[in-house]
Amino acid sequence: MNVMTQTVPTSEAVPLSMRGPAPVQVVVGYGFWLFLLSDIIIFAALFAAYAVLSGETNEGPPGAALFDKTHVFFETACLLASSMTCGFATLAVQRRSMLGAFPWMVVTLILGVTFLGMEWAEFVHMLAAGNGPSRSAFLSAFFTLVGTHGLHVTVGLFWLVIMMLQAATLGLRPIVRRRFFCFGLFWHALDIVWIGVFTIVYLGAR
Amino acid sequence: MNKDSNAQGKAPGITEHSRIRRRSYLIGLFYATILTLASFWASSTDLIYEPGVPILLAVLAIAQMGVHLVFFLHISSAPDQTNNFLALAFGIFVVGLVVFGSMIIMDNLNHAMMPMDQLMQMQR
Numbered sequence: 001m002n003v004m005t006q007t008v009p010t011s012e013a014v015p016l017s018m019r020g021p022a023p024v025q026v027v028v029g030y031g032f033w034l035f036l037l038s039d040i041i042i043f044a045a046l047f048a049a050y051a052v053l054s055g056e057t058n059e060g061p062p063g064a065a066l067f068d069k070t071h072v073f074f075e076t077a078c079l080l081a082s083s084m085t086c087g088f089a090t091l092a093v094q095r096r097s098m099l100g101a102f103p104w105m106v107v108t109l110i111l112g113v114t115f116l117g118m119e120w121a122e123f124v125h126m127l128a129a130g131n132g133p134s135r136s137a138f139l140s141a142f143f144t145l146v147g148t149h150g151l152h153v154t155v156g157l158f159w160l161v162i163m164m165l166q167a168a169t170l171g172l173r174p175i176v177r178r179r180f181f182c183f184g185l186f187w188h189a190l191d192i193v194w195i196g197v198f199t200i201v202y203l204g205a206r
Numbered sequence: 001m002n003k004d005s006n007a008q009g010k011a012p013g014i015t016e017h018s019r020i021r022r023r024s025y026l027i028g029l030f031y032a033t034i035l036t037l038a039s040f041w042a043s044s045t046d047l048i049y050e051p052g053v054p055i056l057l058a059v060l061a062i063a064q065m066g067v068h069l070v071f072f073l074h075i076s077s078a079p080d081q082t083n084n085f086l087a088l089a090f091g092i093f094v095v096g097l098v099v100f101g102s103m104i105i106m107d108n109l110n111h112a113m114m115p116m117d118q119l120m121q122m123q124r
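Respectively, the protein sequence lines represent chains A and B.
The first sequence begins at 1 in the numbering used here and counts up one residue at a time.
The second sequence begins at 1 in the numbering used here and counts up one residue at a time.
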């Protein structure tokens, strides 16, 4: 690294076209950021469908009769807390501190599983009462939107488990640190999508 | 590491000092908690003028998304973050087009559509 800083002058001295390729960390982070933005656009399409269809209950129950705000509040608390613990895990991984990272990874995993369990319980409860996705256009849109978010959280949890295994077997080498960094961005982005879900779907229910 | 990455811009979420970043997560959690509590309170209280509640909820949600972007994802308008910031701006633009465009078009279609019972009679 010292060799690099000696041979590469400051940004003002060298034109952009002559600076050579950016460091891997920057390329990976930027590429993953673009993926996250396109993923958020998928969610935007599902939000648009939900906003259009949320009134079409086909004489079935409206959202206000189905949703339990206390339940949603604890789901939100789990996801928000897991976002912070994931941030602490990312910091520990960048410091290459295995002892600092693992407890936060485990806490993140537990909070994520709790969130998923609560969402699953809500879905099972609604399905048992006959309010599945085939009941009305409103419920189709609801299960698609919230289910897609839940699916993303599930994928994120598998990713977290794989990262824990890789950290344990490969150690915190640069490629593992970059992967965990991307996982952190993914997890924070899911939390941002959840803000939209709880505001529009649960608190906005009439 | 940071000196040569500065010349090329930064990945989202990269900052120099881990102590500052740890504090930024705590500040972010503090703001996000307050905004979440405010949202849940606003949706269930009678103190606020009823038609104003959705607007208040939208403002609180957008504020909380901003808090998450700044304190958790560490997106800023700093010169070395131009790429990330431009990508974010384009993403927000497309999201706005998709959501509000769909809502306006579907609303217009609803207005222009014949009532369902008349439509059924025409098909006989």
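Bear in mind the hints are in silico, worked out from the structure with no lab data behind them.
Remember, it's a predicted structure, so these values are computed and weren't measured experimentally.
Just to be clear, a hint being listed does not mean it is correct.
Subject to a maximum C-alpha distance of 20 Å in a straight line, what follows is the list of computed EDC-like cross-link-like pairs (lysine to aspartate or glutamate) [what the hints assert, rightly or not]:
1. A:Lys-69 / B:Asp-80
2. A:Lys-69 / B:Asp-46
3. A:Lys-69 / A:Glu-119
4. A:Lys-69 / A:Glu-122
Computed beta-carbon distance windows for the label pairs [said to hold, decoys possible]:
5. A:Gln-166 / B:Leu-86: 28 to 34 Å
6. A:Arg-173 / B:Ile-62: 26 to 32 Å
7. B:Pro-115 / A:Gly-117: 43 to 49 Å
8. B:Leu-56 / A:Ala-13: 49 to 55 Å
9. B:Met-103 / A:Pro-174: 26 to 32 Å
10. B:Met-114 / A:Ile-110: 27 to 33 Å
11. B:Ile-92 / A:His-71: 16 to 22 Å
12. B:Ile-34 / A:Ala-168: 22 to 28 Å
13. A:Ser-134 / B:Leu-119: 19 to 25 Å
14. B:Leu-86 / A:Ser-134: 38 to 44 Å
15. A:Gly-130 / B:Ser-44: 48 to 54 Å
Partial chain A-side listing against chain B, Cβ under 7 Å, derived [as the list claims (entries may be wrong)]:
16. Leu-34
17. Ala-44
18. Ala-45
19. Ala-48
20. Val-52
21. Ser-54
22. Thr-57
23. Met-84
Ideal Cβ placement from N, Cα and C applies to all residues, glycine included.
Structure-based check of each hint:
no.: 1; hint: A:Lys-69 / B:Asp-80; result: violated (42 Å)
no.: 2; hint: A:Lys-69 / B:Asp-46; result: holds (16 Å)
no.: 3; hint: A:Lys-69 / A:Glu-119; result: holds (13 Å)
no.: 4; hint: A:Lys-69 / A:Glu-122; result: holds (12 Å)
no.: 5; hint: A:Gln-166 / B:Leu-86: 28 to 34 Å; result: holds (32 Å)
no.: 6; hint: A:Arg-173 / B:Ile-62: 26 to 32 Å; result: violated (39 Å)
no.: 7; hint: B:Pro-115 / A:Gly-117: 43 to 49 Å; result: holds (45 Å)
no.: 8; hint: B:Leu-56 / A:Ala-13: 49 to 55 Å; result: holds (51 Å)
no.: 9; hint: B:Met-103 / A:Pro-174: 26 to 32 Å; result: violated (45 Å)
no.: 10; hint: B:Met-114 / A:Ile-110: 27 to 33 Å; result: violated (55 Å)
no.: 11; hint: B:Ile-92 / A:His-71: 16 to 22 Å; result: violated (30 Å)
no.: 12; hint: B:Ile-34 / A:Ala-168: 22 to 28 Å; result: violated (37 Å)
no.: 13; hint: A:Ser-134 / B:Leu-119: 19 to 25 Å; result: holds (23 Å)
no.: 14; hint: B:Leu-86 / A:Ser-134: 38 to 44 Å; result: holds (43 Å)
no.: 15; hint: A:Gly-130 / B:Ser-44: 48 to 54 Å; result: violated (27 Å)
no.: 16; hint: Leu-34; result: holds (6 Å)
no.: 17; hint: Ala-44; result: holds (4 Å)
no.: 18; hint: Ala-45; result: holds (6 Å)
no.: 19; hint: Ala-48; result: holds (4 Å)
no.: 20; hint: Val-52; result: holds (4 Å)
no.: 21; hint: Ser-54; result: violated (11 Å)
no.: 22; hint: Thr-57; result: violated (15 Å)
no.: 23; hint: Met-84; result: holds (5 Å)
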